[in-house]
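S.K.: Sequence:
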Amino acid sequence: MQKLLLCLIFLSFANLLANAQQHYRIKSDFSIKENLPDGTSNLTMGTVYFDKNNKKIVYSISFPTKTLQVLTDSFFYELKANKLSEKKKATNLLQFSIFNLALSSNLSNYGLNTNGIFKLTDVSKEDSLVISTWEPSTAKLKELTGKVLISQKRRLLYGLVFFDNKNNVLSKQFFTEYMNVKGLNFPSQITQINYINGKEYYKVTTYKNIVVNATNENEIYNYNISTY
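Heads up: the sequence shown runs through residues 170 to 397, numbered per the numbering used here.
Any given hint might turn out to be false.
Said to hold, decoys possible - Under the rule of at most 25 angstroms between Cα atoms (straight-line distance), these lysine-lysine pairs were calculated in the DSS-like manner: (1) 322 to 335; (2) 372 to 341; (3) 256 to 288; (4) 341 to 288; (5) 309 to 202; (6) 335 to 351; (7) 221 to 351; (8) 316 to 235; (9) 372 to 257; (10) 224 to 377; (11) 335 to 316; (12) 249 to 224.
These are computed hints drawn from the structure, not numbers from a lab. None of these values were measured; they are calculated from a predicted model.
Between the sequences and the hints, there should be enough to build the whole structure, so can you do that?
M.R.: As structure tokens, this is what we get:
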């Protein structure tokens, strides 16, 4: 009986450990269509890679120009023909990326429940949506930014609305066409609407051929940027 009990405890622990490490990598083909304030439109296509443990998002862009973009928790790098063409600071972008939020099981509340920057102030229901209101957590933050509205449908993130500190809408995002890959729920289409000078500008990102926990292509998941 004692051996059986120890065996059950071991199996339970192993199962918990496996679940804790369940989602750590994601790869997907993507396309981004957007209209720009100068009246032009843009199409970008390629493949994106993210490893939660290495904390890098790598965009291998195939169209319109072959380009490699790497985002870390501190910097954004762009390389063309294996030469650095741009480097700039990019704090917090990786933390709030859809890839990090999804793999960390924080997508449903867009990570606002874990960062301490916003606090939950209201929850309501409208038809099939559960809508929560998140306010800046301090008076100083309220001088810089406004509230965020989050809507969930069937416990999945559906919409985001960002406001400035004067209660004007800055942008909206809609997360739709969820796919379940190895137990990971991931939206295959994200529609973003930015409001600039009273006009709406759309950006639609589509993901397909989603792969979770791939064990190959380590070189690109762990892309070495130490020399740049």
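S.K.: If a hint holds in the structure, say so; if it doesn't, say that too.
M.R.: Against the structure, the hints come out as follows:
1. 322 to 335: 28 angstroms, violated
2. 372 to 341: 10 angstroms, holds
3. 256 to 288: 33 angstroms, violated
4. 341 to 288: 19 angstroms, holds
5. 309 to 202: Violated, because 36 angstroms separates the two Cα atoms, which is more than 25 angstroms.
6. 335 to 351: 42 angstroms, violated
7. 221 to 351: Judged against 25 angstroms, a Cα distance of about 16 angstroms means the pair holds.
8. 316 to 235: The hint is violated at about 38 angstroms.
9. 372 to 257: 23 angstroms, holds
10. 224 to 377: 22 angstroms, holds
11. 335 to 316: With a Cα-Cα distance of about 10 angstroms, the restraint between residue 335 and residue 316 holds, given a limit of 25 angstroms.
12. 249 to 224: 22 angstroms, holds
The earlier numbered hints that this structure contradicts are 1, 3, 5, 6 and 8.
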